[in-house]
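Visitor: All you need for my numbering is the position in the sequence shown, starting with 1, plus 82.
One should not assume that every hint holds.
Below, in silico cross-link-like pairs of lysine-lysine (DSBU-like), each with a Cα-Cα straight-line distance of 30 Å or less [claimed, not checked]:
(1) K189 / K108
(2) K189 / K330
(3) K115 / K324
(4) K282 / K189
(5) K189 / K115
(6) K330 / K108
(7) K324 / K108
(8) K330 / K115
(9) K330 / K282
Quick caveat, the hints were computed from the structure, so don't treat them as lab data.
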Amino acid sequence: MTFCKGKTKGPGTPPGETVDTLFHGKLRIIQAKRGYRFSLDAVLLAHFATLRGSDRVVDLGTGNGVIPLILARLHPAVEIVGVELQEEMARRALRNVNLNRLEERVKILRGDVCSVEEVLPPESVAAVVCNPPYRRPASGRVNPDAEKRIARHEIKARLADFIRAGSYLLRRGGHMALVYPAARMVDLLQTMRQEEIEPKRLRLVHSYEGSAATLALAEGIKGAGTELRILPPLVVYTRDRKYTREMKAVLGE
Numbered sequence: 083m084t085f086c087k088g089k090t091k092g093p094g095t096p097p098g099e100t101v102d103t104l105f106h107g108k109l110r111i112i113q114a115k116r117g118y119r120f121s122l123d124a125v126l127l128a129h130f131a132t133l134r135g136s137d138r139v140v141d142l143g144t145g146n147g148v149i150p151l152i153l154a155r156l157h158p159a160v161e162i163v164g165v166e167l168q169e170e171m172a173r174r175a176l177r178n179v180n181l182n183r184l185e186e187r188v189k190i191l192r193g194d195v196c197s198v199e200e201v202l203p204p205e206s207v208a209a210v211v212c213n214p215p216y217r218r219p220a221s222g223r224v225n226p227d228a229e230k231r232i233a234r235h236e237i238k239a240r241l242a243d244f245i246r247a248g249s250y251l252l253r254r255g256g257h258m259a260l261v262y263p264a265a266r267m268v269d270l271l272q273t274m275r276q277e278e279i280e281p282k283r284l285r286l287v288h289s290y291e292g293s294a295a296t297l298a299l300a301e302g303i304k305g306a307g308t309e310l311r312i313l314p315p316l317v318v319y320t321r322d323r324k325y326t327r328e329m330k331a332v333l334g335e
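Produce the entire structure from the sequences given, and follow the hints as far as they go.
Guide: Here it is in structure tokens:
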């Protein structure tokens, strides 16, 4: 789902970038004008994830760092590490951390989820979140922009690589939350179970009431028993194309 809120071009913003705001300006996000830009998926995932107290959290494929920033706002005691493969995006994520003065709680590491052991130790965190690339390498039109192409297509890493990395990082009993296209929900749940992340909560996201689901929010627990809880659907828009009451609450409106 596309999403842009409070788009600005502030003083000192380099050419080719914008500064977008969330939560009435409480978060500011530097983004490339034409490169990868965060979407509503990231906001929904950050609100869906189960975090407790002073948990240490890892965001795999953090992009511009928007999910760690939202988590830091929602959970004042947690510490978050964002892992990003693309050098320019990792730099931008770090700039976003600094822009929002969250250096004490949010760290950005440049690393590959396929070799996550090179940047983080095993069984070291209580929670992992992930908004992985969701298009198969040969599916649909491949974006000519490298930043978008790598972020959206399974070119550098596939779904299984992200979930395997999450399983490696999680302590037993730790939570992993993901957002993925509803059309590939079977792939998501099956891969979670294969990597010892047992699906425990599932919520489908619909653009409008009565429309087909577009996204699946899924959360699993490492080493847990089998029992999946299906949550009520989340509807984004009313019939007159305004945000629903729940979405307004998610966005802090």
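Visitor: Measure nothing beyond the straight line between the CA atoms of K330 and K108; if it is 30 Å or shorter, mark the hint as holding.
Guide: holds (15 Å)
Visitor: Please verify whether K189 and K108 have alpha carbons no more than 30 Å apart.
Guide: holds (19 Å)
Visitor: Would you check the hint for K282 and K189, treating anything up to 30 Å between C-alpha atoms as holding?
Guide: holds (28 Å)
Visitor: Do the alpha carbons of K324 and K108 lie within 30 Å of each other, as the hint requires?
Guide: Holds, at roughly 22 Å.
Visitor: With the threshold set at 30 Å, check whether the alpha-carbon distance from K189 to K330 stays at or below it.
Guide: holds (29 Å)
Visitor: Is K189 close enough to K115, meaning Cα to Cα at most 30 Å?
Guide: Distance of about 24 Å is within 30 Å: holds.
Visitor: Mind checking the alpha carbons of K330 and K282 for me, to see if they're no more than 30 Å apart?
Guide: holds (26 Å)
Visitor: Tell me if the straight-line CA distance from K330 to K115 falls inside 30 Å.
Guide: holds (26 Å)
Visitor: Measure nothing beyond the straight line between the CA atoms of K115 and K324; if it is 30 Å or shorter, mark the hint as holding.
Guide: holds (25 Å)
Of the numbered hints given earlier, the model fails none.
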